[in-house]
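Peer 1: Chains A and B, in that order, give the protein sequences. Oh and the first sequence: position 251 is 251 in my numbering, straight run, nothing missing. Oh and the second sequence: position 77 is 77 in my numbering, straight run, nothing missing.
Careful, some of the hints might be misleading.
What the hints assert, rightly or not - Across the chosen pairs, the derived CB separations fall in these ranges:
id	chain 1	residue 1	chain 2	residue 2	range
1	B	G270	A	Q24	51 to 57 Å
2	B	S269	A	A64	26 to 32 Å
3	B	E57	A	L123	48 to 54 Å
4	B	G257	A	P179	38 to 44 Å
5	A	H51	B	G240	49 to 55 Å
6	B	G251	A	G110	23 to 29 Å
7	B	D3	A	D25	35 to 41 Å
8	B	L123	A	R275	46 to 52 Å
9	B	D3	A	A133	36 to 42 Å
10	B	E173	A	T29	30 to 36 Å
11	B	L174	A	A56	56 to 62 Å
12	B	D33	A	G240	19 to 25 Å
13	A	C94	B	D3	55 to 61 Å
14	A	D25	B	D33	53 to 59 Å
Read the hints as simulated data drawn from the structure, not as lab findings. Each residue gets a CB set at the ideal place from its N, CA and C atoms; glycine is no exception.
2 protein chains.
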Amino acid sequence: MRDFSQDHRWLSLNTATIRKSRGQDLPLTSILDACAERGIRAISPWRDQVHAVGLAEVSRRIQAHGLELSGYCRGGMFPAADAQGLQAALDEACELNAPCLVLVVGALPGALQGQAAHKDLALARTQVRDGIAALLEDARARRMPLAIEPLHPMYAADRACINTLAQALDVCELLDPLPPGAPRAARALGVAVDVYHTWWDPKLAEQIARAGQQDRLLAFHVCDWLTPTTDLLNDRGMMGDGVIDIPRIRGWVEDAGFAGYSEVEIFSSGNWWQRDGDEVLRTCIDRHRSSV
Amino acid sequence: MRDFSQDHRWLSLNTATIRKSRGQDLPLTSILDACAERGIRAISPWRDQVHAVGLAEVSRRIQAHGLELSGYCRGGMFPAADAQGLQAALDEACELNAPCLVLVVGALPGALQGQAAHKDLALARTQVRDGIAALLEDARARRMPLAIEPLHPMYAADRACINTLAQALDVCELLDPLPPGAPRAARALGVAVDVYHTWWDPKLAEQIARAGQQDRLLAFHVCDWLTPTTDLLNDRGMMGDGVIDIPRIRGWVEDAGFAGYSEVEIFSSGNWWQRDGDEVLRTCIDRHRSSV
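Let's have the full structure, built from the sequences with the hints guiding it.
Peer 2: Structure follows, in structure tokens:
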């Protein structure tokens with residue numbers, strides 16, 4: 001297992017983590033500058049943040065700073081997604097040289113707006129599978145891997161109906177059934193493992209191993225689960241402030257062959273988004289060393 | 001599948017559902033009277049509500065009204081539980097002639113108080129298994145079945161580290177490995193299936209079938225998942241107000257051999273506990289007919 005205690009070379013910042021500084025929107029350009037200044041080598045930007053600045057400008061600045069991407073957030077929301085939007089997400093991920101496009105797959109149509117069009121979760125899951133299958137052909141042609149991110153079961157209604165790593169891997173095997181010996185570069189479909197979404201899963205260790213055997217570990221996201229958690233979406237904790245044994249899970253991921261960035265992704269309307277962005281960055285760096 | 005549309009003979013009220021009326025505590029005696037008046041044949045009381053009135057008085061009134069129990073809530077919280085308290089829970093369940101003692105098994109010690117003593121979820125799961133094993137001998141001798149209730153993964157840190165039906169059944173098979181052909185009365189250990197905790201599970205149908213093959217379906221709880229859900233504990237919805245396809249799940253449970261009560265269990269600090277208890281009861285009866 002890599003030693004993270006001495007530096008932060010394997011820290012990536014998911015740019016949602018400081019999308020606000022002191023409660024005010026922080027433009028992606030400022031986030032990129034701040035990361036470069038703090039010696040953070042990689043980021044994972046959100047589409048809305050990229051659009052607010054403009055793709056060309058973001059791309060230029062990423063190159064100027066020599067930043068890498070650990071992912072691009074996000075494609076998906078399939079039951080309601082438009083094909084054009086998904087194409088654009090792929091285009092942007094390619095332009096920014098992302099290693100993968102992270103898929104948050106969506107769930108019951110309308111549920112995110114508070115009014116589900118139906119209650120047929122099995123149907124939504126079938127539609128998601130079909131949606132990934134359709135996008136996969138384009139992604140394969142563009143050599144842009146898709147990373148299915150299983151979300152915590154508390155998001156099953158409105159954000160993602162793929163809720164366990166086992167379920168995500170079942171979809172991978174169905175749609176992208178390469179023999180296990182095939183080279184990693186050939187994997188068009190894999191998974192993003194976020195400790196916040198998966199830490200509770202009694203089968204997590206075995207499913208991470210399964211993902212590794214198939215070379216499907218495309219991204220690793222960290223934050224922490226707070227007790228109590230006061231909001232289902234925007235109360236994620238800083239690493240070390242909650243109950244997740246992050247080093248143990250990172251050990252499983254690395255044993256399974258993952259050697260990429262540890263991406264900090266925190267949504268926190270009541271705490272971290274209210275603080276100064278630079279203070280948050282410094283804390284991320286400290287906690288990356290002590291608690292990841 | 002039984003027709004619930006014509007009457008409410010298979011409705012049981014978990015008494016937490018109207019533990020408050022118009023925001024004020026409603027004594028269990030009043031709840032029992034209200035159930036009898038509305039033709040509700042069964043209840044599942046909580047220990048704290050029983051203690052507030054006194055076991056003897058509760059027992060007397062249950063018998064006077066001819067009420068049945070669909071369960072008794074609850075034993076468990078093992079990593080921190082005292083043996084004496086668990087014995088008392090068993091005693092009370094026997095005195096009230098409950099069909100099972102529902103176990104909410106606990107998780108990381110201290111997490112419910114906001115400060116987890118450690119982050120070793122695997123250890124907590126081992127301790128829970130050992131705690132159930134110790135209680136099981138007494139429960140078997142008293143002929144009081146224990147029903148493990150898997151709780152939603154969002155409670156994995158602080159309330160229950162058994163979070164899927166598969167995981168609960170693994171524990172059942174380990175600790176109570178009767179051959180499948182043995183009579184139901186011989187089952188000392190089974191499960192309580194609550195749609196709120198389990199609806200998201202992609203393996204729910206198959207695991208309900210597995211539970212049925214082993215005669216381990218001891219209780220069936222209903223309420224609904226709201227979108228958005230604004231509180232992790234006290235924002236459960238009335239059946240029909242959320243996204244859970246309850247009739248589908250009840251069909252699975254009945255196909256697996258369950259023929260008991262459908263127990264309404266709603267915690268709702270912002271809505272139902274603010275209304276008049278009798279209005280809530282009438283709504284439960286209506287929704288039992290239309291949405292369960």
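Peer 1: Hint by hint, note whether the structure agrees.
Peer 2: Status of the hints after comparison with the structure:
1. At about 30 Å, the CB distance of G270 of chain B to Q24 of chain A disagrees with the hint of 51 to 57 Å.
2. In this structure, S269 of chain B and A64 of chain A break the distance hint of 26 to 32 Å, their C-beta atoms being roughly 52 Å apart.
3. Our hint of 48 to 54 Å for E57 of chain B and L123 of chain A holds, since their Cβ atoms are close to 50 Å apart.
4. For the pair G257 of chain B and P179 of chain A, the beta carbons lie near 42 Å from each other, so the given range of 38 to 44 Å is met.
5. Checked against the given bound of 49 to 55 Å, the beta carbons of H51 of chain A and G240 of chain B, roughly 39 Å apart, lie outside it.
6. The hinted window of 23 to 29 Å between G251 of chain B and G110 of chain A holds, with their beta carbons roughly 24 Å apart.
7. Separated by about 55 Å at the C-beta atoms, D3 of chain B and D25 of chain A break the suggested range of 35 to 41 Å.
8. For L123 of chain B and R275 of chain A, the hinted distance range of 46 to 52 Å is not satisfied, since their beta carbons lie about 34 Å from each other.
9. A hinted range of 36 to 42 Å holds for the C-beta pair D3 of chain B and A133 of chain A, which are about 40 Å apart.
10. At about 57 Å, the beta-carbon gap between E173 of chain B and T29 of chain A misses the expected band of 30 to 36 Å.
11. As the Cβ distance of L174 of chain B to A56 of chain A is approximately 59 Å, the hint placing it in 56 to 62 Å holds.
12. About 52 Å separates the C-beta atoms of D33 of chain B and G240 of chain A, a value inconsistent with the hinted range of 19 to 25 Å.
13. A C-beta distance of roughly 56 Å is found between C94 of chain A and D3 of chain B, which places it inside the suggested range of 55 to 61 Å.
14. Checked against the given bound of 53 to 59 Å, the beta carbons of D25 of chain A and D33 of chain B, roughly 56 Å apart, stay inside it.
Comparing the model with each numbered hint stated earlier shows that hints 1, 2, 5, 7, 8, 10, 12 do not hold.
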